[in-house]
Amino acid sequence: GQQLNQSPQSMFIQEGEDVSMNCTSSSIFNTWLWYKQDPGEGPVLLIALYKAGELTSNGRLTAQFGITRKDSFLNISASIPSDVGIYFCAVISGTYKYIFGTGTRLKVLA
Amino acid sequence: NAGVTQTPKFQVLKTGQSMTLQCAQDMNHEYMSWYRQDPGMGLRLIHYSVGAGITDQGEVPNGYNVSRSTTEDFPLRLLSAAPSQTSVYFCASKREQGRYNSPLHFGNGTRLTVT
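Chains U and R are the protein sequences, given in the same order.
Taking the numbering used here, the leading residue of the first sequence gets 96, the next gets one more, and so forth.
Taking the numbering used here, the leading residue of the second sequence gets 3, the next gets one more, and so forth.
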């Protein structure tokens, strides 16, 4: 089936550092999404991208929809301890099927 | 607002037992879906529904049944549990809206262990 390759798989960073993670696909998708999952909870939408080349911010988070429509990246600036969790990229295949990446597990060291 | 509610939060089954994972949403969302989350594999779609009376298979449907008799509820049934079905299960819903796809809203998950 279709796959999203997300990297890195995990990362430890110091509080205050900037974080960057990305997601790539071999297929073209017209909607890219970034979700965050806190321990013991379901994923929550952070940013939605609907247009190739689009750069969107949500507080300290910035995400871009790649111009080729096959990739996206998420940046977190000045990380804080509550940024810990798993970050998933996702795309929409057809109208109804969401495909999720395998996740980037972020741990922030105070 | 309750959003998407999943019950139970935890469940332990013996191989061969059956059970139903419940999912309810109070947002009048047309679309509902079930995912399973396994270490290193992200979230994989099991079944989904675009409205009452309509269901379809996702990526990993084998061993699971669903039905959608009302807009609010979308139960997931395991007819004969197997250890391979040990996982965390998430229900998610969304509203259909115009030009852009609206985001999925997730429940807090059911952690199922099959021994």
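Treat the hints as calculated values from the structure; they're not laboratory data.
C-beta atoms are modelled at their ideal positions from N, C-alpha and C, and glycine is treated no differently.
Treat the hints loosely; a few may be bogus.
Negatives, chain U to chain R, calculated, CB over 10 angstroms [what the hints assert, rightly or not]:
id : residue
1  : 107
2  : 110
3  : 117
4  : 119
5  : 128
6  : 136
7  : 197
Pair ranges (Cβ atoms, derived) [claimed, not checked]:
id : chain 1 : residue 1 : chain 2 : residue 2 : range
8  : R       : 82        : U       : 113       : 26 to 36 angstroms
9  : U       : 148       : R       : 104       : 20 to 30 angstroms
10 : R       : 40        : U       : 139       : 32 to 42 angstroms
11 : U       : 162       : R       : 20        : 41 to 51 angstroms
12 : R       : 82        : U       : 150       : 22 to 32 angstroms
13 : R       : 71        : U       : 153       : 33 to 43 angstroms
Hint check results:
1. 107: holds, 18 angstroms
2. 110: At about 26 angstroms from chain R, residue 110 of chain U clears the 10 angstroms cut-off, so the statement holds.
3. 117: holds, 15 angstroms
4. 119: The claim stands: residue 119 of chain U keeps its Cβ more than 10 angstroms from every Cβ of chain R (closest is about 14 angstroms).
5. 128: violated, 7 angstroms
6. 136: violated, 5 angstroms
7. 197: With a cut-off of 10 angstroms, residue 197 of chain U comes too close to chain R, as the shortest Cβ separation is near 4 angstroms.
8. R:82 <-> U:113: 26 to 36 angstroms: violated, 49 angstroms
9. U:148 <-> R:104: 20 to 30 angstroms: For residue 104 of chain R against residue 148 of chain U, whose Cβ atoms are near 22 angstroms apart, the range 20 to 30 angstroms holds.
10. R:40 <-> U:139: 32 to 42 angstroms: violated, 20 angstroms
11. U:162 <-> R:20: 41 to 51 angstroms: Holds, since residue 162 of chain U and residue 20 of chain R (Cβ atoms, about 49 angstroms apart) stay within the stated range.
12. R:82 <-> U:150: 22 to 32 angstroms: violated, 49 angstroms
13. R:71 <-> U:153: 33 to 43 angstroms: Between residue 71 of chain R and residue 153 of chain U, where Cβ atoms are some 37 angstroms apart, the hint holds.
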